[in-house]
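Participant: Use the sequences and the hints to build the structure in full.
Chains as they are written, first to last, in our numbering: chain L, 2 to 381; chain X, 293 to 690.
Calculated from the structure, these hints are not laboratory results. Be aware that one or more of the hints could be misleading.
According to the in silico footprint, chain X covers these stretches of chain L (three or more CB under 8 Å from chain X) [unchecked claim]:
no., stretch
1, 106-118
2, 150-161
List time: in silico SDA-like cross-link candidates among lysine to any residue, alpha-carbon distance up to 25 Å [what the hints assert, rightly or not]:
no., chain 1, residue 1, chain 2, residue 2
3, X, Lys575, L, Asp181
4, X, Lys500, X, Leu571
5, X, Lys318, X, Met293
6, L, Lys379, X, Met561
7, L, Lys379, X, Arg349
8, L, Lys192, L, Lys314
9, X, Lys500, X, Val455
10, X, Lys607, L, Leu6
11, L, Lys110, L, Val179
12, L, Lys379, X, Lys607
13, L, Lys314, L, Lys22
14, L, Lys22, X, Gly452
15, X, Lys318, X, Glu295
16, L, Lys379, X, Leu571
This one's a predicted model, so the numbers in the text were calculated from it and none came from an experiment. Just so it is clear, CB atoms sit at the ideal spot from N, CA and C, and this is done for glycine as well.
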Amino acid sequence: MELVLNEEQTMLNNTAREFIKDNSPITRMRKLRDDNDPLGYSKEMWQEMAELGWTSILFSEDDGGLGLGMAEVVVVTEAMGRGLAPEPFLSCIMLAGQALAQGGSPEQKEQWLGPIIEGSQVLAVAYQEKGGRYDLAHVAAKAEKTSNGYRLSGEKTQVLDGFGADAIIVSARTSGEVGDAEGVTLFLVPKDAAGLTVTRQSRVDARNVALVKLNNVEAQESSVVGEVGQGVELLGRVVDLATVALCGEMLGGMNAAYERTLGYLKERVQFDVVIGTFQGLKHRAARMFMELELTRSVVMAAARALDENAPNKEILVSTAKARCSDAYTHIANEAVQMLGGIGMTDEEDVGFYMKRARAAEMTFGDAAYHRDRFATLKGY
Amino acid sequence: MAELEEFRASVRSWLEENAPKGLMGKIGDVEGGFWGGRKPVYPYPESKAWFEMMLERGWTVPHWPKEYGGGGLNKDEAKILNEEIARLKLPLPLTGFGITMIGPTLLQYGTEEQKKKFLPEIVRGEIRWCQGYSEPNAGSDLANIQTRAMVDGDDFIVNGQKVWTSYGNLADWIFMLVRTQTEGKKQVGITFLLADMTTPGVDVRPIKLISGNSPFCEVFFEDVRVSRANVLGTAGGGWEVAKALLGHERTMIAGMGSRVRTGKAENPMEAAAKKYVGLKDGKIVDPIIRDRLAQAQMDESCFALTVQRNSDNMKAGHNPGPESSIFKIYGTELNQRRNELMLSILGPECLGWEGEGFDKDELALCRAWLRSRGNTIEGGTSEIQLNIIAKRVLRLPD
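Facilitator: In structure tokens form, the structure reads like this:
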């Protein structure tokens, strides 16, 4: 594997960064938050991103995509992360899109892949439950077998882009106990299903997340995504891909926060000098830089390991997510501190990165979770 | 390309036929290097023959020009030769600061006379060099050196002291920074001088470290007479030469990392954790050590991937990126963390200084840990590295 951007990836990087710089500065995200925008992202912006080809990257050509890889995905998500662009790439393209690409029936793919690639429909995946932390097998939501399908009941929390989604893929238990890896099944539930309530939640990073309640929702056999009882296995593979896509976003965010901080050190004057002359701040900024470089390397490696189906891909996914989790929160915390009083104001952008860093840390497993997974994979 | 392939094939077959079988596999041995000098010490019985056969081919310093005794190989050929030597897990036939530091600097700044005198002696392993840079009052602030060289006819009379001179007690010649002028800016009065260690007035004392014996020495100069013909570069122009040499030293250190290592099958930290802490149901019994071990291995991975990324970038034709500025500080701090983790893993067994009741490996770890505290100080302290990153990469103002 080569940890360099090839010519096409370099072009993609340049256009993605330009696009975000011109169309998605932090002010846009700020406005969505200030307006309490119910959707939390822009449908028009999402379709523009689709037109740029971003939504097509990972799908195979047979599925209507570009047949590219995670190496290209992280270039795009990094650009999005720089501007904190809230469009549903992670939820719709990575989680739902890959769940269908890898486990969907021909009918499900026919019905949904085209529209989500186009950006005209949005799908979400509801896998998280309160108290479950990062365990995909922590599923209490039930799927009772009925004469013509299943009856779903339970509650899912913080469903990414769940509000306004045209359908939601829900994990519910067809057998076994909470925590059992076997016995979880994925169901594709359309938004108008009777008994389904989706309530927009308000989260510190202002992203669209939803409380999804299932009150005896009827689901047909044909709504099962993948194999009955094998949902955790499918979700696990999909989440590994989504995790690295998120790592790309985190890499972008931490770079933007760092650049803002560096700029501040070069312009803020106190004690008759630019504060960047103080050695204490120089050293902290240099350490931030070190973390950025180390993190970039492992995110690139994890993306390429997934593309190459390398034997150590899961180890690299966990290394990348642990690194990003620690680095993004550290850099964002440092950014607020080094910006002093104004770092604490809502008016200053840096606080948004700190909030997003924390939310991203706790998505798909924090650093401790991934160190544990890493150790287990390594055999100790 | 075909020529290079032919070259590789001929090198490979010659090595396979002639290189001592007994040295194959010794590539990673710390004590396996042959340093040459007036009192040569051969680490293995076959080392002398290996050195002599490579000397005959001009391959003790393959990339130096033939006119100075080198092999005259170009960059690609020299790389191929090194790869083929490493492939058979052979140690290099000759090593030392002559090859890695003063030699390249002589090629850059030396007069024809100096090159013709000093370089062949390095190539033939006849002269062993040491470095006289730091002084008690000139560490991070190297330009603050005070060892004085006063003009006396065709010679200098040198008075002063150097410190941290590796293998000063075993070296034949020293390259050193002396002060020829005290007025004006510190750097402007520095001259780069070459001196014979057997000159009357030179006194060497080894330095003991917290980790025990070390190769470091203090070197005292009392009225030492050195010919002015031994100035490398110009009088007062020594600072530039010194910086150039540091660049060659950095290239050498970077190159050390890329030589093939005889890696053990299992990661030593994992093996130690299993032995000293224990496993239960396949997991290390102490969850904190388990977590620290995962973190250490993740750090190693991110570091190695960054080294690779820098190397991949250069292969793709780009200049070394800013990521390369973090290697020294991050690598040394990581090594210290690794050692500290090993201490935690071993528990009280790590406390042995010598003798009864301690394994060889346990004693070695204690020394390694102590020695590792110096890694973030030598070769440019971590604080200086951060200053350099802040200034050159981040462009923060002075």
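Participant: Against each hint, give a clear statement of whether it holds in the structure.
Facilitator: Hints versus structure:
1. Here the stretch 106-118 of chain L counts 0 residues with a CB under 8 Å from a CB of chain X, which misses the bar of 3, and the coverage is violated.
2. With a cut-off of 8 Å between beta carbons, the stretch 150-161 of chain L has 0 residues touching chain X; three or more are needed, and the interface restraint is violated.
3. With a C-alpha separation of about 20 Å, the suggested pair Lys575/X and Asp181/L falls inside the 25 Å cut-off, and the hint holds.
4. About 39 Å separates the Cα atoms of Lys500/X and Leu571/X, which puts this hinted pair outside 25 Å; it is violated.
5. For the hint linking Lys318/X to Met293/X, the alpha-carbon distance of about 31 Å lies beyond 25 Å, and the restraint is violated.
6. Under the criterion of a C-alpha separation no larger than 25 Å, the hint pairing Lys379/L with Met561/X is consistent with the structure, at around 12 Å.
7. Proposed proximity of Lys379/L and Arg349/X is contradicted: the alpha carbons are some 46 Å apart, above 25 Å.
8. As the CA atoms of Lys192/L and Lys314/L are separated by approximately 35 Å, the hinted pair breaks the 25 Å bound.
9. Distance restraint check for Lys500/X and Val455/X: the Cα-Cα separation of roughly 12 Å lies within the 25 Å cut-off, and the hinted pair is therefore satisfied.
10. Of the pairs offered as hints, the one joining Lys607/X and Leu6/L holds, with about 12 Å between alpha carbons and a cut-off of 25 Å not exceeded.
11. With a CA separation close to 30 Å, the supplied pair Lys110/L and Val179/L exceeds the 25 Å bound.
12. A distance of roughly 31 Å separates the Cα atoms of Lys379/L and Lys607/X; the hinted pair therefore is violated under the 25 Å criterion.
13. Among the hinted pairs, Lys314/L with Lys22/L is inconsistent with the structure: their alpha-carbon atoms are about 32 Å apart, more than 25 Å.
14. Among the hinted pairs, Lys22/L with Gly452/X is inconsistent with the structure: their alpha-carbon atoms are about 60 Å apart, more than 25 Å.
15. As the CA atoms of Lys318/X and Glu295/X are separated by approximately 30 Å, the hinted pair breaks the 25 Å bound.
16. Proximity of Lys379/L to Leu571/X is assessed by CA-CA distance (about 13 Å); at most 25 Å being required, the pair is judged to hold.
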